[in-house]
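Chain by chain, the residues run as shown.
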Amino acid sequence: MNAETPALAVTGLSVAYGAMVAVHDATFALAPGEACALTGPNGNGKSSILMGLAGLVRRRAGDVRIFGTRAPNGDVRWAARHGLTLVPERRQLYPGLSAADNIVLGCYSWTSSLSRARRSAPFGLALDLFPEIGPHLRQPAGTLSGGQQQMVAIMRGLASDPKILAVDEPCLGLAEAVSRRVYDALARIGEAGTTLIVVEEAPKRALAICARRVEVRNGVATGASAS
Amino acid sequence: MKFGQLVIAGLVTGSIYAVFAVCVSVWYRVSNILNLAVGDFAMLGALGVDDLVRVRNWPLPAAIATTLVVVAVFGYLYDRVVLTLATEGRSAQEGIVVTFFFTFALSFFIDGVAKILFGTDVHAAPALWSGRSLSLLSGLRVERAGVLVLACAVICGSMFWLYIRYTLGGKAMEASGENPLGARIVGIDTQSYRRIIFTGTAVLAAVFGIIESPITGYTYLSGATISLTGFIAAAYGGFRQPGRALVAGLVIGITEALLGGYVSAEYGDTVLYAILAALVLAWPRGLGFEPAVGG
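Chains A and B are the protein sequences, given in the same order. The letter at position 194 of the first sequence is residue 194 when you use my numbering, and the numbering goes up by one with no holes. The letter at position 50 of the second sequence is residue 50 when you use my numbering, and the numbering goes up by one with no holes.
Read the hints as simulated data drawn from the structure, not as lab findings. Virtual Cβ for every residue (Gly too), placed ideally from N, Cα, C. Fair warning: there could be bad hints in the mix.
Listing some non-contacts, in silico: residues in chain A with all C-beta distances to chain B over 10 Å [what the hints assert, rightly or not]:
# : residue
1 : 27
2 : 54
3 : 70
4 : 95
5 : 117
6 : 220
Chain B stretches covered by chain A per the calculated footprint, using a threshold of three residues with CB under 8 Å from any CB of chain A [unchecked claim]:
# : stretch
7 : 66 to 75
8 : 178 to 192
Excised from the complex, chain A in its bound form (with noise of 0.2 Å):
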């Protein structure tokens, strides 16, 4: 082991779906605060990955290290506590839920206790980080806009003090304005010392704000050693 453990580590990871693999022997690694895009045509596999990592699929064969710890085989909980947060495609919120309570769940990976989740400097930030949500916080979810409700996704990401952050599709048919306020918060975000790990169909975005690219195609990823 080097002097520097990657953030992430991923080597040889396959995922399959039946008989139909969608990722085969993806290998990369990131170091503490690097950002990196995945981007590919829809379909390729990029998400799948993403899943892999966060254990929301089981791996068919590989290794996924974050911070050197081996993480176990499709065990999203323990990806969540060890740090690793998903902010997954289509948002997967708690429509009946308010955008606040969708928030402070992100603090369930590392407490029990809402009145320190609410305390926490990771919710602070998380509602710092869009204070276009201010006023819709008691609102449920589920009637907020498509660019609330991806906002209130990312806060509920950055609520669980991830050390790194995987986005899926976060600009899917999103306004520019929109994608554009995503995108500046991701950035801040990640200058803050985050790693992250963004799956993007169309690059441009993500590249300004990503040093690193992976590029996915037909479930193989290229491009993955060091910039």
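Starting from the known structure of chain A, fit chain B onto it as the hints suggest.
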């Protein structure tokens, strides 16, 4: 006077229905499984305590504690083994149909075991607060057991509300019901919430069976009736809204008592179910009948 008396009686049975309706819908939210056996746990509680005290001469506290522990262990194992196997590897849609039969089967199973253990006669757990009925204002009277039932329902209901409202665990439970995938992403163990609530509602049902049985008396078949009424009340909340289920339970209880008192004691239930069916047909959305299975 008669009206007031009937309302009080209806409130007591209504609160029982409400408790069971809330149990059904809270668990449905978390698990997507309709629990048809919840009333049978109530019967098990009532007849179990009665059997231990009356037949085996156990002291009452020990009988209650033992019965509740048995119900809890049984509920836990049933969820752990049978329901886990039943849901594993199935899509949500398939799962609903399959698990429906598993809780239905559980209901029959408990009834069958209860018939062997406790026989077919009407029994009741010993009254926890014995004595003459209490008199309220202007000559209205209320059974002591009824007061206990109401008090217990209010206490359990408000504790649950506080839990949901003011703890992160309660919100996590809500989140598990709203979006299991989203809940797992933030590190919530949705399986264990399902297990805790199944076991918890089984124990709660048993507690209510023990408290309420001195009023009505239970046979080994009483569970199914309670489950059914609780189930109907839960349906009025679209199975997903405990608050509506609670109100529906109270309304059904009071209507049942009034119909029994003024219309016909014999046909009270029949008339009640006819009214409920008519309401659902006439005004499905307003009553909160959302597609519980499809959605």
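Verification of the supplied hints:
Separation of residue 27 of chain A from chain B is adequate, the least Cβ-Cβ distance of about 25 Å exceeding the 10 Å criterion. For residue 54 of chain A, the requirement that its beta carbon stay farther than 10 Å from each beta carbon of chain B is not met, with the minimum near 7 Å. Every beta carbon of chain B lies more than 10 Å from that of residue 70 of chain A, the smallest distance being close to 18 Å; the non-interface claim holds. Not every CB of chain B lies more than 10 Å from the CB of residue 95 of chain A, the least distance being 6 Å, so the non-interface label is violated.
The beta carbon of residue 117 of chain A is not kept farther than 10 Å from every beta carbon of chain B, the shortest such distance being approximately 6 Å. For residue 220 of chain A, the non-interface assignment is confirmed: its Cβ lies about 26 Å from the closest Cβ of chain B, beyond the 10 Å cut-off. Note: the stretch 66 to 75 of chain B has 0 residues with beta-carbon separation from chain A under 8 Å; the three-residue rule is not met and the coverage is violated. Taking a C-beta to C-beta cut-off of 8 Å, the stretch 178 to 192 of chain B contributes 11 residues in contact with chain A, enough for the three needed, and the coverage statement holds.
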